[in-house]
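Listed in order, the protein sequences are those of chains A and B.
Just so you know, we're using full-length UniProt numbering here: the first sequence kicks off at 1 and counts up by one.
Just so you know, we're using full-length UniProt numbering here: the second sequence kicks off at 1 and counts up by one.
Note that these hints are calculated values from the structure, not bench results.
It cannot be assumed that every hint is accurate.
With a straight-line cut-off of 25 Å between C-alpha atoms, the simulated PhoX-like cross-links for lysine-lysine are [stated by the list, open to error]:
| no. | chain 1 | residue 1 | chain 2 | residue 2 |
| --- | --- | --- | --- | --- |
| 1 | B | Lys12 | A | Lys124 |
| 2 | A | Lys150 | A | Lys65 |
| 3 | A | Lys64 | B | Lys12 |
There are 2 protein chains.
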Amino acid sequence: MIYDLLIENITKNRAVSIAEAEKFCSFFSAKTISKREFLLKQGEFCKFEAFVTEGCFRVFSLDKKGNENTLYFAAKDWWLMDIDSFMNHKPSDLNIQALEDSKILIISQEDKTTLYNELPIAEKFFRIMFQKSIVAWQRRVVRNNSLTAKERYYYFTTRYPEIVLKLTDRQMASYLGITHEFLSKIKKQDKIQ
Amino acid sequence: MIYDLLIENITKNRAVSIAEAEKFCSFFSAKTISKREFLLKQGEFCKFEAFVTEGCFRVFSLDKKGNENTLYFAAKDWWLMDIDSFMNHKPSDLNIQALEDSKILIISQEDKTTLYNELPIAEKFFRIMFQKSIVAWQRRVVRNNSLTAKERYYYFTTRYPEIVLKLTDRQMASYLGITHEFLSKIKKQDKIQ
DNA sequence: AAAAATTGTTGAACAAGTTCAACACGATTA
DNA sequence: TAATCGTGTTGAACTTGTTCAACAATTTTT
């Protein structure tokens, strides 16, 4: 069933009844996205939140110098959203693009409000999910400040080997915060030793 | 009243009744922390969350090379916690130290659970607070990757001028992700022009 | 008030990462 | 099939930021 993965995601480590899980899922509908297609473009209003059931996405922004900055990749079992645009009803700074043919479960802004109102456990679920997310972002900041590019490259490739397979070097470099030329040099060094 | 600032913080932009706000506050007790005192040390279990009503704190970790990495500063009206240690009941990676004589409102781990159970609006309040926090962390990652040290210095000093006054250069440098020597050189360059 | 410790400054040598340009390769597209 | 475009690689020159050491100025402790 298309909701299996989402049900597992929301019930994992939490006391959620079958009825609650089913109600939760009823707010989401399935959607297919082709490779290279954009789910969201900078400047648009983000009026959805989504859960990835198949494929992979890249979330990135463009800075003033025109460089791409990859915030994160979202493969199966990850959530996709622009919290800022969604929460504050403002144009998005982010682009969300499919790296391969993908499938998501999507909820609209209005339905998300209804979900919170009708299913109190949803507040707890997302509250905990956001807490975990903050921990991950804090660790990312510390890694970016305290590790060299080479160390960050090792961390990323050993931590997310399945995602690495789906990326070009340019996409990975924009996540690591280095140029793709320098990433190429890191990889070369690596092979020699 | 000592709860005034907390009440303003939780009611701002949200429909919270006076009764709810008062109940919320009843879980918190006032505490005084002296300059240089640690509210939490790396290795300890973080069994509290706190709201700063006076003074300023620094939250930092030590990496393998022995360098301090400042995650954030928390002045009046900010929340202080180690989400990871608190949520996952594990030893903390973080140090929380008062930069000056300070006052906080503090809630214990048990009371936080009770608060969530007895006051459903608390789930919504913290869910929204955490969402805002994620947006801030995402922006920090983008700034760290796309701005030079000098640009980050400008951003920080113009965005948080009151906090800057309370910091040594070393503390600011550890937040910006540079050495204090280099910060000193940035400041010198700055004066000349 | 003296001693000790921490802080900020500066310089010189160095390391990490960028920029730009050139080229080879593979994948789309016409 | 040819043409085009994006990708990965490499080198040389350059910029940004680090490291280490020395010193002066403050702050803290005794």
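Hints, verified against the model:
1. Distance restraint check for Lys12/B and Lys124/A: the Cα-Cα separation of roughly 21 Å lies within the 25 Å cut-off, and the hinted pair is therefore satisfied.
2. Under the criterion of a C-alpha separation no larger than 25 Å, the hint pairing Lys150/A with Lys65/A is consistent with the structure, at around 24 Å.
3. About 33 Å separates the Cα atoms of Lys64/A and Lys12/B, which puts this hinted pair outside 25 Å; it is violated.
Hint violations for this structure: number 3 only, all remaining hints satisfied.
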